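Chemist: So you can see what is in the structure, the chains are spelled out below.
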Amino acid sequence: MKMIITENIKLTLSAMLLVAVMSSCEKYLDRDGTELPALSPTNLDANAGSWKTYTATTLADYASVVTTPDAVTSDKYKQEIEEVKTEVSKIDDARRDAIRYWSGGGVLRWNQIMRELVAKNNLPPAENEQGFYPIPSSADPNNLNGTGTAFPFSNPPYAARAYSYVSVAQYDALVIAMALKAKYARKSPNAVDVNIVPVILAAPKLNSFPSEDAVMAAVSYEFLKRLFPQSADTLFLYKKKEEQKWFKLWAGVSTRSDIEAGEKLGKAVFAKVFARFRTDGMANAVGAQSKWDSLTKRCEERGEIAWKSMETSPRPPMLALFGNVMTWNMDKKNLTDISTSVPPLSTNSEGFKAQVAEVKSYTDNPTRERIAIVHYWADGAGTQTPPGHWNQIAEKYIVAAKQSEVRMARNLALLNTAMMDASVSCWYTKSFYYCPRPSQIDNSIKTLTGLPNFPSYTSGHSTFSAAASTVLSYLFPDGATTFQAQADEASKSRLYGGIHYKMDCEGGLKIGKMLGDKAILRGQSDGVQ
Amino acid sequence: MKTFTKFSLWTLLTFTTFLANAQMMNDGIFMAKGNLCGGITYMNDSWNKYWEGALYRENKNLGTLTIQSVVLMGNYGISDRFNLMFSLPYISTKASAGTSQGMSGVQDLTMSVKYRLIQAHNLSVIGSIGGSIPTNNYVADYLPFAIGMQSKTGFARGILYYTLPANLALTVHGTYTARSNMKADREMYYAGKGYFTSEMIMPDIVNFGGKFGHYSYRWQLEATYDQQITQGTLDIRRNDMPGLCDKFDYNKVGFIAAYRVPVLKDLQIMVTGGKILSGRNVGESTTYSIGISKYIDFRKNKTAGIPSGPICRPGDMNHKSGGMEVKKEEHK
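These protein sequence lines are chains U and S, in that order. Quick note: the first sequence uses the working numbering, first residue 1, plus one each step. Quick note: the second sequence uses the working numbering, first residue 1, plus one each step.
What the hints contain is simulated information worked out from the structure, not anything from laboratory work. As the structure is a prediction and not an experimental result, all values here were calculated from the model. No false leads were mixed into what you were given.
Pairs of lysine-lysine, DSSO-like flavour, derived with a Cα cap of 30 Å:
| hint | chain 1 | residue 1 | chain 2 | residue 2 |
| --- | --- | --- | --- | --- |
| 1 | S | 152 | U | 27 |
| 2 | U | 27 | S | 247 |
| 3 | U | 291 | S | 60 |
| 4 | U | 297 | S | 60 |
| 5 | S | 193 | U | 396 |
| 6 | U | 402 | S | 193 |
| 7 | U | 446 | S | 94 |
| 8 | S | 94 | U | 502 |
| 9 | U | 267 | U | 225 |
| 10 | S | 60 | U | 446 |
| 11 | S | 183 | U | 446 |
| 12 | S | 247 | U | 446 |
| 13 | S | 183 | U | 396 |
| 14 | U | 27 | S | 183 |
| 15 | U | 264 | U | 225 |
| 16 | U | 239 | S | 247 |
| 17 | S | 60 | U | 308 |
| 18 | S | 49 | U | 308 |
| 19 | S | 60 | U | 360 |
| 20 | S | 94 | U | 308 |
| 21 | S | 94 | U | 353 |
| 22 | S | 49 | U | 446 |
| 23 | S | 193 | U | 267 |
| 24 | U | 239 | S | 193 |
| 25 | U | 27 | S | 193 |
| 26 | U | 360 | S | 183 |
| 27 | U | 225 | S | 193 |
| 28 | S | 94 | U | 360 |
Chain S side only, calculated, beta carbon under 10 Å to chain U, not exhaustive:
| hint | residue |
| --- | --- |
| 29 | 99 |
| 30 | 137 |
| 31 | 142 |
| 32 | 199 |
| 33 | 241 |
| 34 | 243 |
Note that the Cβ used here is the ideal one computed from N, Cα and C, for glycine as well.
Given only the sequences and the hints, what does the whole structure look like? Please build it.
Modeler: Here you go:
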């Protein structure tokens with residue numbers, strides 16, 4: 001017995017060691033995709049204070065919000081300088097992490113944060129015991145216990161709207177901030193007192209008053225906490241806001257008065273943009289049973305097969321009246337004209353039957369390559385949605401172009417207003433034609449991705465993608481070929497997945513292009529060179 | 001845009017299917033030197049209720065999810081106390097309701113070695129190490145229809161095997177499985193926070209289990225218990241689809257019954273059953289399987305060889321004297 005144990009003691013120990021080593025392995029990713037280089041714009045866009053805002057707000061609107069700052073020679077300012085020195089001396093690892101994080105730029109950081117929150121909240125309500133689907137309500141965002149449902153359900157239209165408003169609010173706020181920076185021309189504390197050496201950050205090239213980071217922190221936080229009002233999300237946002245607000249004081253490149261003025265301005269611009277947000281028609285976008293019934297009736301009166309939910313307990317169509325929400329880059333008439341300019345095939349036509357057969361040929365013969373395309377572009381439940389995906393694509397180009405923050409905000413506003421308009425237009429088209437999904441026409445069509453619970457024509461992915469690729473091609477002409485190919489692939493992915501006919505994809509691409517062109521018209525006249 | 005949700009359970013396939021079925025992988029029995037045991041098993045695993053985190057629910061848009069698999073297995077005796085094992089499953093998934101298509105394909109090749117470290121009276125202390133590797137680029141990030149996880153694994157297992165009179169035996173085993181990150185087809189996902197990459201962290205897995213019953217050359221009848229604890233912390237969120245990084249935990253009971261049929265040259269027929277009693281982020285599945293296996297004796301000089309039987313129960317130090325009760329006329 002003893003011999004047996006001795007013989008095997010090395011082996012036994014080795015096995016135990018192996019288990020110990022394996023179980024002590026930390027699990028992490030070298031890169032999670034949020035890494036950003038420190039801002040280092042090739043052009044400061046110091047004249048951005050003259051750029052055209054979305055809400056037509058101008059410097060004059062903030063005369064009483066941000067008043068002339070104390071001179072850098074004043075005693076008050078000297079006290080602030082002392083505070084900066086004290087804060088710089090308190091640097092620790094948490095502050096270093098925050099400085100590094102925000103050095104990537106608030107516009108892109110808040111865009112990442114927003115996409116994360118969209119993904120977190122992009123979950124459809126579960127049906128309750130009575131077989132109904134509760135409607136998410138902002139009045140009760142924390143209803144997580146299963147009797148109701150949490151708010152929001154950040155589906156693609158909700159997300160497109162969120163991305164557009166936050167981008168617009170950041171842009172408008174930064175334009176006013178740039179105007180004030182030019183007006184007051186206050187230097188940063190490290191430039192006033194050479195004894196202050198910036199921590200991690202390079203010495204700022206922009207004027208310091210008001211702090212653009214405090215402006216962005218305030219405007220982004222105020223919007224996002226209303227878009228994502230669950231307690232946990234609001235707390236998460238609050239922490240991010242506080243970090244961005246103060247990190248330049250910790251780093252020795254902003255003073256308290258720079259920051260406080262920035263925060264006031266951010267809140268004031270938020271109020272302007274939020275006034276539009278509250279009255280843009282979103283409140284009526286869900287609809288009600290009578291509205292949904294009338295969409296069905298209108299379709300059937302035209303002699304067409306009307307869409308119906310394919311869920312076992314039929315679910316109401318997602319945001320059926322979202323097509324009535326206010327657009328950014330065109331008026332209502334323009335929007336409805338464009339949205340109905342490419343009609344679908346009749347569900348009774350031979351052409352339509354051929355398109356159904358085409359869908360079935362794809363789902364009956366899936367290939368690994370096509371499934372990869374379907375999944376790459378699915379951007380379904382629990383993700384940042386297709387508009388979020390296009391923000392992710394845009395981020396790489398914006399970073400590579402080393403743009404100023406105000407230009408980043410402007411470009412993301414162009415992109416996201418185009419995708420908001422695409423969302424409104426596409427939902428208008430969907431409710432207008434109320435076209436059934438392929439699996440409703442032929443229930444032997446088994447899809448390769450989740451079947452969306454709203455009408456088929458046109459494809460949302462195609463509309464979003466064409467609008468986005470059109471705008472991005474305008475902003476980054478070198479990437480045009482890539483954007484076009486990506487849009488085409490995103491569009492085709494829905495046909496491959498068995499959830500759209502070819503006409504949905506082609507119609508969506510055509511209409512999306514028109515909507516992208518409207519955003520370009522704005523981009524050509526907003527004063528940005 | 002997916003307006004329905006689903007759930008998964010293939011982890012069970014990867015880990016418990018073989019544990020429940022391939023008696024070689026986690027029991028105290030060894031193939032004798034020069035003997036190969038090969039088998040094929042059909043397995044059926046289905047559920048219509050599952051745990052979404054701690055919430056026990058059904059999903060009408062999924063109905064009953066059925067996972068069928070056919071598993072090839074082999075176990076070769078390098079020596080009476082050192083065995084080499086492999087398994088390779090073909091898996092197919094299908095939901096009874098909803099519009100989604102199931103998936104199918106060959107999954108991961110698992111290989112391991114098992115070594116009897118210590119024999120002290122009736123107690124065997126056995127160690128096993130091994131790993132698995134995906135055999136092809138099957139789709140993983142699409143639960144519950146995915147057939148596997150596209151992750152390489154390495155595992156270390158300890159087995160205690162205690163023999164009792166009347167061919168009764170108690171087996172206790174524990175396994176730690178380390179899993180490599182996997183690459184999904186998409187470039188953004190939410191797993192406790194937003195990840196803007198296609199790489200996903202696979203938390204490691206701990207399995208415990210035990211079984212008790214009769215094991216003789218001819219007959220096997222054992223009751224089994226298995227538990228899985230995934231090292232991660234992520235639950236399926238309310239009405240979400242499961243993610244590969246989630247925590248898949250369960251407690252499962254089952255049985256194994258097997259018989260070597262004399263008229264079929266001792267072809268072994270094995271039937272197993274299992275039921276998940278409780279879990280987290282897994283289906284409340286019922287499993288059954290039926291399999292056949294056959295041993296081949298590769299020893300050149302069979303009559304002179306020791307031992308005389310193909311199966312080697314470690315408790316029987318001198319198993320050539322009939323520990324496994326191989327009757328001479330059945331083993332010529």
